[in-house]
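As you go down the protein sequences, you meet chains W and S in turn. Start counting the first sequence at 0; every next residue gets the next number (numbering that gives the first Met the number 0). Start counting the second sequence at 0; every next residue gets the next number (numbering that gives the first Met the number 0).
Keep in mind that the hints were calculated from the coordinates and are not lab data. No experiment lies behind these values; they were computed from the predicted model shown. Be careful, since some hints might not be right.
Covered stretches of chain W (in silico footprint by chain S; criterion: 3 or more residues with CB under 8 Å from a CB of chain S, positions within the stretch not fixed) [said to hold, decoys possible]:
id, segment
1, 25-31
2, 87-100
Partial list, computed: chain W residues near chain S (C-beta under 10 Å) [as the list claims (entries may be wrong)]:
id, residue
3, ALA17
4, ALA41
5, ALA53
6, ILE72
7, MET73
8, TYR111
9, GLN135
Label-pair restraints from in silico Cβ distances [what the hints assert, rightly or not]:
id, chain 1, residue 1, chain 2, residue 2, range
10, W, ALA151, S, LEU88, 51 to 57 Å
11, W, ASN76, S, MET308, 23 to 29 Å
12, W, MET131, S, LYS108, 27 to 33 Å
For each residue, glycine too, the CB sits at the ideal point set by N, CA and C.
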Amino acid sequence: MFEFAIFFFFAAVAVIFALVVVLHRNPVVGALALVASFFALAVMYVLLEAPFLAALQVIVYAGAIMVLFLFVIMLLNLQHKREEPTRPVQQFLGYTSSAAFLIGLIYYIVKYAAFTALPAGPFNSDARAIGMELFQSYIFPFEMVSILLLAAIVGALLLSARSVAR
Amino acid sequence: MPFDATDITLSLLKVVVVLLALLNVTPIMVWVERRGSALIQDRPGPNRVGPLGLFQSFADALKFILKEDVIPAQAHKWLYTLAPMFGLLPALTTIAVIPWGLPFKLPVKHWFGRTFFAGNPIFDPIVADVNIGILLIFALASLGVYGIVTAGWASSNKYSLFGGIRASAQMISYELALTLAAVSTLLAAGSLRLTDIVWQQSQYFYLFNVVKLPAWNILSPAMWLSFIIFFVSAFAETNRLPFDFAEAEAELVAGYHTEYSSMKFALFFMSEYMAMAAMSCLIATLYLGGWDIPYWDEPQVWWASLLTMLFFTAKVVVLLLIFVWVRWTIPRLKYDILMRLGWKVFLPLAFVNIVIVAFFVAKHWI
């Protein structure tokens, strides 16, 4: 009962703040609302008995990535001006593709996730178990991701170094 | 979990005790800071209100409450009001996972014709003994920057904004070094739980097979590098001199809280000192053996637990005094030096340190 109340409260928080991200005109308010939404998602992980993932969610997304986002928004001093859509085709494509995505998402959730029970039994999600999985079963994707990140870093460096050289 | 009235009462008691202790840190530390700076600079300092000026903080608090609360016309009203709270919450909550004493068995008591503590339950002096303790601290500490950044932006003042931007860049940079330095203590204990880290440190080891020393992380040579990185980064994380660029008054008036007045300003003040106290608790727990009293195998009784609590408090007080001492001794660095130090010195050193400590742990030398 108590867990249910917490779940619905934080689910509402996550959804409402996600809507604020999309609908609010001010980019700083949007970024802060995204932080709140991420935090509410971390509470979901705690309710799913995965506190390690919850902590990582807050450290990585709310604590590190969103601080960088906010940093960039403030540094560039983005104004909340409304740009008129230049081409109606773009607008049309935007709405239809997002509607198609939403319908597809709901279809798959209803078909595969919502009505199948999760495997019973204790769910081991502590740091040791996740580390074992990551470095044994998923070592290849893990290394691929690190190469991807390295490529992104090198690319960013190349772009900034080129602009400095000129 | 079964509903247990005794259990819930004890938990509430712990929460109240910890919060009261933390809230009292600010007035006491303000007094220590002002008198300490006066001592270092060879001047009397505030000495009028009460004996040794001890009641100066109460006078300050009264002044804060009575002052007019000004919100600038150009400010973003909502965020301007919320920002001090963003700053305060992480500072208040990190303390929950710090163990502040030896657990002991509660003796069976007969009060008001009823039996309490049947079966000698163990009283653990920690609010929440979660198995991700240290990650929780870093998670909450990383949210602390939002208070400063939001305050800087919402004030619509260029000095405030610069303070906020500097704070975010600084905290991102030093968070990495801080977290990586702490990894070595986790490796040594083999656990993320802070109580496990303290238990591991309450044992002993022989330095060069000769001297019997308590296994405090600071005494083990493999940990010295990690301790130095952690200690210096802690100053940057808590925005203290020599790293207080968010409020460098020579350049930025008062930085992110330039526009704040009254209790909102007081909240920033409180969160700064509470973050400092929480950081001192963390340093004491990770490196100075937590509540451990060296060369004494504490029996699990209430008086031994009380002694360990006093010992832990003493360690935290010493660290807080060092924070004050450093602030009034070392001048502020330049901002580019701070960034270079963080990214080009501390971060690579922290990585090297992890490799060294992992080697030591693999060889069972720690």
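Hints, verified against the model:
Taking a C-beta to C-beta cut-off of 8 Å, the segment 25-31 of chain W contributes 4 residues in contact with chain S, enough for the three needed, and the coverage statement holds. A stretch counts as covered by a chain when three or more of its residues have a beta carbon under 8 Å from one of that chain; for the segment 87-100 of chain W and chain S the count is 0, and the coverage is violated. With a least beta-carbon distance of about 18 Å to chain S, the hint placing ALA17 of chain W at the interface is violated under the 10 Å criterion. For ALA41 of chain W, the shortest C-beta to C-beta distance to chain S is roughly 8 Å, which falls under 10 Å, so the interface hint holds.
This hint holds: ALA53 of chain W has a C-beta 8 Å from the nearest C-beta of chain S, less than the 10 Å allowed. This hint holds: ILE72 of chain W has a C-beta 9 Å from the nearest C-beta of chain S, less than the 10 Å allowed. A distance limit of 10 Å between C-beta atoms decides the matter here; for MET73 of chain W the minimum to chain S is near 5 Å, and the interface restraint holds. About 30 Å separates the beta-carbon of TYR111 of chain W from the nearest beta-carbon of chain S, more than 10 Å, and the hint is not met.
Nearest Cβ of chain S to the Cβ of GLN135 of chain W: about 18 Å, over the 10 Å cut. The hint is violated. For ALA151 of chain W paired with LEU88 of chain S, a C-beta distance near 33 Å fails the hint of 51 to 57 Å. Take ASN76 of chain W and MET308 of chain S: their Cβ atoms lie about 50 Å apart, and the range 23 to 29 Å is violated. For MET131 of chain W and LYS108 of chain S, the hinted distance range of 27 to 33 Å is not satisfied, since their beta carbons lie about 46 Å from each other.
Hint check: violations occur at hints 2, 3, 8, 9, 10, 11, 12; the rest are consistent with the structure.
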